[in-house]
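Residue strings, one per chain:
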Amino acid sequence: MTDVRSISFQYRRSADHDRRQPQPHPIVIVGAGPVGLVVALDLAAKGHRSIVIDKKSNLAAGSRAICWAKRSLEIMDRFGLGEVLTSKGVTWQTGKVFFASRRVFEFDLLPESAHRRPAFVNLQQYYFEHFCIEAAARTDLVELRWQEEVVGLEPSGDGTLVQIRTPDGNYRLIADWVIAADGAHSTIRRQLGLGFEGRVFDDQFLICDIKMRMARPAERWFWFDPPFNRGRSALLHKQADDVWRLDFQLGATADRDEEIKPHNVASRVRAMLGTDIAFGFEWISLYRFQSRRLARFRHGRVLFAGDAAHQMSPFGARGGNSGIQDADNLAWKLDLVLRRLAPESLLDSYDVERSAAADENLLNTTRSTDFIAPKGAISRAFRDGVLALAETEPLARRLVNSGRLSVAASYDGSPLNGPDDFAAGECPLTRPGAAALDAPVANAWLLQALGDGFVGVCFCRERAAPAGLARAERRLAEGATPVKILTVRDEIACHRYGAERAPAYYLFRPDQHVAARWRALDAAALAAAAERASGRTARRST
Amino acid sequence: MPLKREPNLKDPDGLYAAILDAHADLSESESVALNARLVLLLANHIGEEAIVREALVLARQSIDETSRS
Chain A
73 MTDVRSISFQ
83 YRRSADHDRR
93 QPQPHPIVIV
103 GAGPVGLVVA
113 LDLAAKGHRS
123 IVIDKKSNLA
133 AGSRAICWAK
143 RSLEIMDRFG
153 LGEVLTSKGV
163 TWQTGKVFFA
173 SRRVFEFDLL
183 PESAHRRPAF
193 VNLQQYYFEH
203 FCIEAAARTD
213 LVELRWQEEV
223 VGLEPSGDGT
233 LVQIRTPDGN
243 YRLIADWVIA
253 ADGAHSTIRR
263 QLGLGFEGRV
273 FDDQFLICDI
283 KMRMARPAER
293 WFWFDPPFNR
303 GRSALLHKQA
313 DDVWRLDFQL
323 GATADRDEEI
333 KPHNVASRVR
343 AMLGTDIAFG
353 FEWISLYRFQ
363 SRRLARFRHG
373 RVLFAGDAAH
383 QMSPFGARGG
393 NSGIQDADNL
403 AWKLDLVLRR
413 LAPESLLDSY
423 DVERSAAADE
433 NLLNTTRSTD
443 FIAPKGAISR
453 AFRDGVLALA
463 ETEPLARRLV
473 NSGRLSVAAS
483 YDGSPLNGPD
493 DFAAGECPLT
503 RPGAAALDAP
513 VANAWLLQAL
523 GDGFVGVCFC
533 RERAAPAGLA
543 RAERRLAEGA
553 TPVKILTVRD
563 EIACHRYGAE
573 RAPAYYLFRP
583 DQHVAARWRA
593 LDAAALAAAA
603 ERASGRTARR
613 ST
Chain B
39 MPLKREPNLK
49 DPDGLYAAIL
59 DAHADLSESE
69 SVALNARLVL
79 LLANHIGEEA
89 IVREALVLAR
99 QSIDETSRS
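So the sequence lines, in the order shown, correspond to chains A and B. If you use my numbering, the first sequence corresponds to residues 73 to 614, in order. If you use my numbering, the second sequence corresponds to residues 39 to 107, in order.
These are computed hints drawn from the structure, not numbers from a lab. Here the structure is a predicted model, which is why all the values come from computation and not from measurement. C-beta: ideal position from N, C-alpha, C; glycine also. Possibly wrong hints are sitting among the right ones.
[Stated by the list, open to error] Listed below are several chain B residues computed to face chain A (Cβ distance under 10 Å; list not exhaustive):
#, residue
1, 40
2, 44
3, 64
4, 66
5, 97
6, 101
Full structure from sequences and hints, please.
Written out as structure tokens, the structure reads:
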């Protein structure tokens, strides 16, 4: 494979440039990072054309986001990219935690087998983007406009008049919908004058990627107060192509210009990994964490996703992965609205659901950062107490916080959720709002079988089809929101969905989150839940 | 019943944050005082003196080991 970072993206003068009047386009996505590209791919998979605008001319040199969570890989499977990301990347599920010079414990992120995708795959962001760009080219529905930059936005009818700067001058177009996926320094956010409130942490962190051949297992190693970085923390993570991510906490007063000099970074690397190692630098960066979010992610027909909507510290790999989940949540809703199968107000649920997810991510990453970089003597005393006890006491291991790693958000309390008539506390992992749990089904995987439409699934161990299923299937295929019906009899799947002893009926949304579940088959209830999940019946939120 | 050494909290991260929040804006000596009061309150609530004694031994051992290393 050629070095994808050497590929340059050509500017091409678009037809919009030569129009007298700005031309309308249904969807303009600003930002060709992972989030913008996934929105474009998801919309393309549903038959929608989009334009993606980005000012860059090649992929970012640094690895940036590297940890892709199971849920992100499952989402990418819908565009046929789960396999290439997994095979190119480095699969890991074990994390080791060190305190001073002792290994205090290790954890396994996915102790359960029979899932198609692993807990995590590490892969440089430039590969993720590269595979998305290749897939976008194959669809013929995604038009990537490189070296173009949005410089102005103003309302125009229901849509937005967008002013775009290019290497040969400005042009304008009208976007019915704008997806702002233009990152932490979002131009769109600034153009709309929106506040981005939150916290900036004092501590500085040095992040570097090195290339070295080393017979080390693919595990996440995290050090608190190690001999090579006393009083602070460090992280080691493996990526593709023998590239390793190293992260050193530097403290609040570190001299940025000194720290970033390669010979100074090299001495830190040798102190961590040994004086005899041979390595080369791929990327060096220094940063402070921020925890900030927009108050609202939907502004009329401008929708914010990823870092443009929320920025968080990297411990827990929640930045990139939550951005992918934003895209996943947004695309099917926009699809239904564009096909007039749902009212525009369905997109308010994007704000409700992904705001709640952002708050959870911000809370988790803030707590991790507070544990990793304790402020003050008492915080440090508690932190060190937890670490000292963790070596022998399981209770303390649960409190060690080197990052709570990204899992799929559950949309508890969402206005789109329908009934849950399981007993209280029964099978909580698949409650309404939760993302589907994968499981093997007849030579395939459940998530493949679900696809990306509304699906009603009968989980049932018995061979005979439940009475009335065929009739329900006919009725649901004809509804305003068509629902496909599946029957799943496989043992593991039935176990995960609480159907070992009695059948269970689930409605899944196009993003494979559970909309509602029942113990008895009721076609009318399924149809009503599909209506609610597509925003066609307003339920007042309380 | 011996001292529980397995995780026993529904929201451990939340409670940990609440403990640190209780210390917010306190001086170091005030924090030590807060911890003393907290231990007394919780010890009384637990009631079983053998359990509190077991926890005291465990905590003290951990401190002694940390000081030695």
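Ascending list of hint numbers which this structure does not respect: Violated hint (a single one): 1; every other hint is consistent with the structure.
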